[in-house]
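Residue numbers (my numbering), protein chains in the order written: chain A, 1 to 325; chain B, 1 to 325; chain C, 1 to 361; chain D, 1 to 361.
Treat the hints with care, as some may be off.
As the list claims (entries may be wrong) - Chain C residues, not near chain D, derived (Cβ > 10 Å throughout):
no.	residue
1	Arg22
2	Val24
3	Asp31
4	Leu38
5	Arg59
6	Phe93
7	Lys206
8	Ala216
9	Gly246
10	Leu259
11	Lys270
12	Pro328
13	Lys359
Unchecked claim - Computed cross-link-like contacts, BS3-like style, restricted to lysine-lysine with a CA-CA straight-line distance of at most 25 Å:
no.	chain 1	residue 1	chain 2	residue 2
14	A	Lys253	A	Lys280
15	C	Lys152	B	Lys124
16	B	Lys280	B	Lys253
17	B	Lys46	D	Lys152
18	A	Lys253	A	Lys219
19	A	Lys197	C	Lys346
20	D	Lys4	C	Lys10
21	C	Lys42	C	Lys290
22	A	Lys280	C	Lys346
23	C	Lys42	C	Lys359
24	D	Lys4	C	Lys4
25	B	Lys280	D	Lys335
26	A	Lys280	B	Lys124
27	D	Lys346	B	Lys280
28	C	Lys4	C	Lys29
29	C	Lys335	A	Lys280
30	D	Lys321	A	Lys124
31	A	Lys195	A	Lys219
32	B	Lys195	D	Lys346
33	C	Lys359	B	Lys219
34	A	Lys47	C	Lys152
35	B	Lys124	A	Lys253
36	A	Lys124	D	Lys270
37	B	Lys219	B	Lys124
38	A	Lys46	D	Lys200
39	B	Lys197	D	Lys346
40	B	Lys195	B	Lys219
Simulated from the structure, these hints should not be mistaken for lab results.
Every residue, glycine too, gets a C-beta built ideally from N, C-alpha and C.
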Amino acid sequence: MALMNLVSTVNHTLDHEMARDERVVVFGEDVGVEGGVFRATVGLQKKYGPDRCFDTPLAEGAIVGMAVGMAINGLRPVAEIQFSGFMYPAYNQIVSHVARMRNRTRGRLTLPLVIRMPHGGGIKALEHHSESLESILGHIPGLKIVVPSTPYDAKGLLLSAIRDDDPVFFLEPSKIYRAFRQEVPEEDYTIPIGKAKIVREGEAVTVVTWGAYVHDVMKAAEQLAAEGIDAEVIDLRTIAPFDRAAIVESVKKTGRFVVVHEAMKTFGPGAELIALVNEKAFLYLEAPPTRLTGFDITIPLPRGEHHYFLDADRIAAGIRDVVNF
Amino acid sequence: MALMNLVSTVNHTLDHEMARDERVVVFGEDVGVEGGVFRATVGLQKKYGPDRCFDTPLAEGAIVGMAVGMAINGLRPVAEIQFSGFMYPAYNQIVSHVARMRNRTRGRLTLPLVIRMPHGGGIKALEHHSESLESILGHIPGLKIVVPSTPYDAKGLLLSAIRDDDPVFFLEPSKIYRAFRQEVPEEDYTIPIGKAKIVREGEAVTVVTWGAYVHDVMKAAEQLAAEGIDAEVIDLRTIAPFDRAAIVESVKKTGRFVVVHEAMKTFGPGAELIALVNEKAFLYLEAPPTRLTGFDITIPLPRGEHHYFLDADRIAAGIRDVVNF
Amino acid sequence: MLTKRFDPLKGEMLQIMDAEGRIVAPELKPDLSDERVLELYKVMLLTRAADTKALQLQRQGRMLTYAPNTGQEAAQVGSAAVLRETDWLVPAFRELGAWLVKGVSLEHIYLYWYGNEWGSHFPENVRMLPISIPIASQLNHALGLAMASKLKGEDDVTIGYVGDGGTSIGDFSEALNFAGVFSAPVVFFIQNNQYAISVKRAVQTKASTLAQKAVAAGIPGIQVDGNDLFAVYAAVEEAVNRARAGEGPTLIEAYTYRLGAHTTSDDPTKYREDDEVLVWQARDPIKRTKEYLIAQGLWSAEQDEAQVAEYEAYALEVFRKVEETGEPQLEDFFKYTYRDMPEHLKEQYQEYVQYLEGKVK
Amino acid sequence: MLTKRFDPLKGEMLQIMDAEGRIVAPELKPDLSDERVLELYKVMLLTRAADTKALQLQRQGRMLTYAPNTGQEAAQVGSAAVLRETDWLVPAFRELGAWLVKGVSLEHIYLYWYGNEWGSHFPENVRMLPISIPIASQLNHALGLAMASKLKGEDDVTIGYVGDGGTSIGDFSEALNFAGVFSAPVVFFIQNNQYAISVKRAVQTKASTLAQKAVAAGIPGIQVDGNDLFAVYAAVEEAVNRARAGEGPTLIEAYTYRLGAHTTSDDPTKYREDDEVLVWQARDPIKRTKEYLIAQGLWSAEQDEAQVAEYEAYALEVFRKVEETGEPQLEDFFKYTYRDMPEHLKEQYQEYVQYLEGKVK
Ligand SMILES: Cc1ncc(C[n+]2csc(CCOP(=O)(O)OP(=O)(O)O)c2C)c(N)n1
Ligand SMILES: Cc1ncc(C[n+]2csc(CCOP(=O)(O)OP(=O)(O)O)c2C)c(N)n1
Ligand SMILES: [Mg+2]
Ligand SMILES: [Mg+2]
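Starting from the given sequences, assemble the full structure and let the hints guide the process.
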């Protein structure tokens, strides 16, 4: 066991899996010599050589397209996109090929590959460095999307992702890359993709969130607990295909539902969860299922970004409204 | 007045506006000499010369990026993407620039441009020729998205789109390009972007749809009317920013809500409408708001595509379930 | 080295056999046995027969959209003929001749164009990717396959196909550039058939050859007469050998012509003159190879006629089998989205099955 | 023509003034008055002073992320100096010197890096696009601006900037290719500063020069000593004149070096040797131009020192003003998404205002 933060856990986990499985190759912009702009791949090139961990020229489409070919030909590529806002040049590869190769060939060719990227904002970064892509990716059948909220989960989920026979997008909340440390076992363990985690049990309202916001929601839940409002908090962990049963069961118990996410509101991920709750637990609902989300605007530059992101107070206020409906 | 189908109306409308406003330029793959693979731009190069209507090399990113520069420098570009499934290479330009130039420059630079593309499926086409992009585009603040369902609407909406100071995506349901003709006035008229249209008044249930499905939903509504179920049918016409008031008002009247669309279900456009109905009309709901949509699969090749698309029978069955809830 | 001898920047193009089937550069002629040449010629014939049949069937409303290959058979067959079984072939969508050489059955190919996904489920030993519709995107897969061969220490080579139109889209440049940087064992093969649907080659780029686009990636490039089976073979052979020896990628432009329509939905008279087509008909790769074979005493006009008739009958028979496959399995549309069908897809599938059963009742 | 005389495929690079400020190719020296040269030199000095200040302020926690320009001033100033007011400048994100020449105020620039969108709201007469973070995507905007000038019958020219890293991404090739096809009046200007963050130029492409990437688009390309103000000016001048005369686009590679970090979040010692930096410090464009000016009797070491001090004080003063702008207007974040604020945004804005007011109470 060692105390690790999120980004060092990613590094440790890649190291762990590269040692175990020589089919794993790691690449992307600045991934090799420098070890990544966030240092997620630091030391890997030295340890495994430039054939296993290397820098690429600057072109996200080629990075993802190359991963497709590698995965077909027997490797398990783990590609890094430097920030999720730079995923768009690869979007054609993602939608047209990554998501479809298995179906297109009726299972003949499969893509065991992972695309890792820093995700979300709140780090006072330049434009395009704060994007949340859940629904842009989640709408596409054939992709799996995972967002860890803790170092412990990151290791278990990343190992599952690399070993998965389907393509997995591993979105790493950059805001909490170094926010806190946690004991992470040295041993091998996996956490199943597609399973949510109840991080706080409660009776008053179901609150679903993921990534960096798990911590803000938990803070809000503590505030509310002090007021006698006992929220159940679910860390969704997998955005696609997500754990519908966990949500539905919880809402059947609490009768109230709030989803909290960074992404923009309209046509955003929260809408899907609300639609699900309607479809599966309509008769249990005691208040309108509610979204606490980013505004439908471009994420502001650093001087204004605090307006875009929710803090525990705003989250608590939103949950309170639903409970008091 | 002349009888026109949808694609000839697009052609007529481009002609109309190119004659009226010399800033309008039309381009894309096969748009010039051939007049478009669907013949939407036929004759325009001959009439207005190759400076106003021209072919480009094959590169959707450059087509859209070029439109951005042209719009900044005083033109009103109307670019064609040959099929919506080939929009993805331009997605970086769309998200990173088309949607943001106004906000990024605090209104200094604006993008009066239109991106036209055939949209949706059901035409027994090859892979990637049947995509529905509503939520992939609609999630991005700063874009306007319009889908006409009739020739008459197409003219009024396309003229609004070209004259709009914001970038507009004009999605043309290819399935109904030549499905029927309608009287289209020769004169100038516009239909406002952002306004839905009640195409059938009713009391039993609100059914929202758009594009080609308007006709299938209307058929379903007639079937249901024969059974004594009186559905209100709304043609959304604008997907973003959409007419929230029209939907909410109707649902407050009917207490029941169904959205019907071609796009995949999960994280799809219907989810947003259901979330809205929850937020604005929760206490009026007598049945769970429901989605009738594409499955969460890759749209099948022609031999199987009929399974993906809804017909009037399936739509009627779905609406019936909601009414009988 | 051919890529040194024929500089696309000087407008030089490799030709070994001229339009009349005469060997004009005997010293460059690849070392192919007469039997092998005849074998390849027969694949060219089969390709054309399959095309002819598909077009007929399409006009009868039995085949769906189809992209014809007529005029491009030498480029297709000559390039794929160089590959060995473990090499990878990455198609665009118009390389029927190449696929047949690589061992894909005509049944698979017809099944695909007939609109059935099983047409892209090739046998285990056929190392070919499915057709890629998004233009040029497949070249990055070719790069990736080649990179994997290299990183695994295997000496397999990958060939990736693209059209003249495809050279304009970013994926093309990116794939070439990455391949150059990593010395990936890949050959990029352009079928320059002079058109991207209606858009003429001259509108596609101001570059006077497509082969010179190699310069941007710092890799060798060569233009060859794409209707000359021997020139195509020789250039690809050199490139494949180089790749296999660890010396990196090559770009090859096969200068050819699409004699037919872009697809069955296309009407080429809208954008090109008959005269141009006539010029290129005279350069027909099948006519040329046939004349060579006849001159060599390896083939005769009668044999040719009989062979064509046999292949057309065969193609029809294959298509009939395809027609008989009937409706695809409903479950398949849901089953192959993920390795295991997730719960929401099971639900969607089951609800739909129930609906269909309810309708039948 | 310079692009004919200096062939990047032969490894030829245009240099007019060497690293010691000596004119080595007097016949190619652009026709600039002494005053103009001094004026441009001063912009180079201001650029460096603004850089120095920004880095200091960033270390003090007052400035946010900042991308330094030190070492690249000649490439930036020399290129933009050719433009007239109605010409368009399309930046990447590291061309401070160019922006200053084009008439953008340091206040705008600092405001941008300080994290305020108003930093990209330039005055009406400053024809420059905002900074573009997604690498190379801006080159297609440059193409579009140029196309509009051409289609409107105006003879304005557009210059588009990109880094060495940016030449690998598809947008770069696409923009060049379109510009070639349409003979668009645009100049593509690469600041090859040898690094894309940590990735060395040699890893970016196997092409021996970046200028040769022009060959793929069939347009002229030239490599120039990017630390030589005169060479940069001369090459851009020729390219701009050609574009203005309707003769189409040019690609220029300015061979230079980033002496500082990629941005304030970067630590270059992780990926490069000090020795390399020392070599390039000796080629510093400011040192070189200063030596030229002093040798010409146009400037002195004392004047230089005083000017630097003045600019640093000025930069600090500008930054103080920027700091005083305080919090941005909340409404602005909602207001500029569309021309008219749609109802859902009004609602989101109002609900948030109410929430904030509730908190204050
Ligand atoms: C990204 C993308 N854009 C547009 C299309 C539509 N389209 C299909 S084929 C084609 C022309 C391709 O020309 P070329 O690359 O020369 O190949 P050819 O058809 O001549 O074999 C176009 C534009 C597509 N399939 N993919
Ligand atoms: C599409 C995209 N991918 C990745 C990044 C992250 N990034 C920012 S700057 C940079 C390197 C750019 O190198 P270069 O083009 O040489 O410009 P320089 O920084 O040297 O001026 C990268 C990879 C980005 N901004 N855009
Ligand atoms: Mg072609
Ligand atoms: Mg650089």
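Practice task
Assess, step by step, whether the Cα of A:Lys253 is no farther than 25 Å from the Cα of A:Lys280, and give holds or violated.
Solution key: OK: A:Lys253 and A:Lys280 at ~13 Å, within 25 Å.
Problem - Proposed proximity, C:Lys290 with C:Lys42 (alpha carbon, max 25 Å) - result: 10 Å, holds
Practice task
Verify the proposed pairing of D:Lys4 with C:Lys4, using a straight-line Cα cut of 25 Å.
Solution key: 22 Å, holds
Exercise for the section: Could you grab the alpha-carbon distance between D:Lys346 and B:Lys280 and see if it respects the 25 Å cut-off? Expected result: Status holds; Cα separation ~15 Å.
Handout entry: Hinted pair A:Lys47 and C:Lys152, Cα distance within 25 Å
Key = Holds - the C-alpha atoms of C:Lys152 and A:Lys47 are around 18 Å apart, at most 25 Å.
Handout entry: Separation of C:Arg22 from chain D, once the least beta-carbon distance is taken, above 10 Å
Key = 33 Å, holds
Exercise for the section: Test the statement that C:Ala216 is away from the interface with chain D: the closest C-beta pair must be farther apart than 10 Å. Expected result: With a cut-off of 10 Å, C:Ala216 comes too close to chain D, as the shortest Cβ separation is near 4 Å.
Handout entry: Hint consistency between C:Lys335 and A:Lys280 [alpha-carbon to alpha-carbon, up to 25 Å]
Key = Distance ~23 Å between C:Lys335 and A:Lys280 Cα, so the pair holds.
Exercise for the section: Measure nothing beyond the straight line between the CA atoms of B:Lys195 and B:Lys219; if it is 25 Å or shorter, mark the hint as holding. Expected result: 23 Å, holds
Exercise for the section: Beyond 10 Å from every chain D Cβ: check whether that's true for C:Pro328. Expected result: 36 Å, holds
Practice task
Starting from C:Lys359, check that the Cα of B:Lys219 is at most 25 Å away, please.
Solution key: Distance of about 18 Å is within 25 Å: holds.
Practice task
Compare the distance between the alpha carbons of A:Lys195 and A:Lys219 with 25 Å, and conclude whether the hinted pair is satisfied.
Solution key: OK: A:Lys195 and A:Lys219 at ~23 Å, within 25 Å.
When held up to the earlier numbered hints, the structure conflicts with 7, 8, 15, 23, 26, 35 and fits the remainder.
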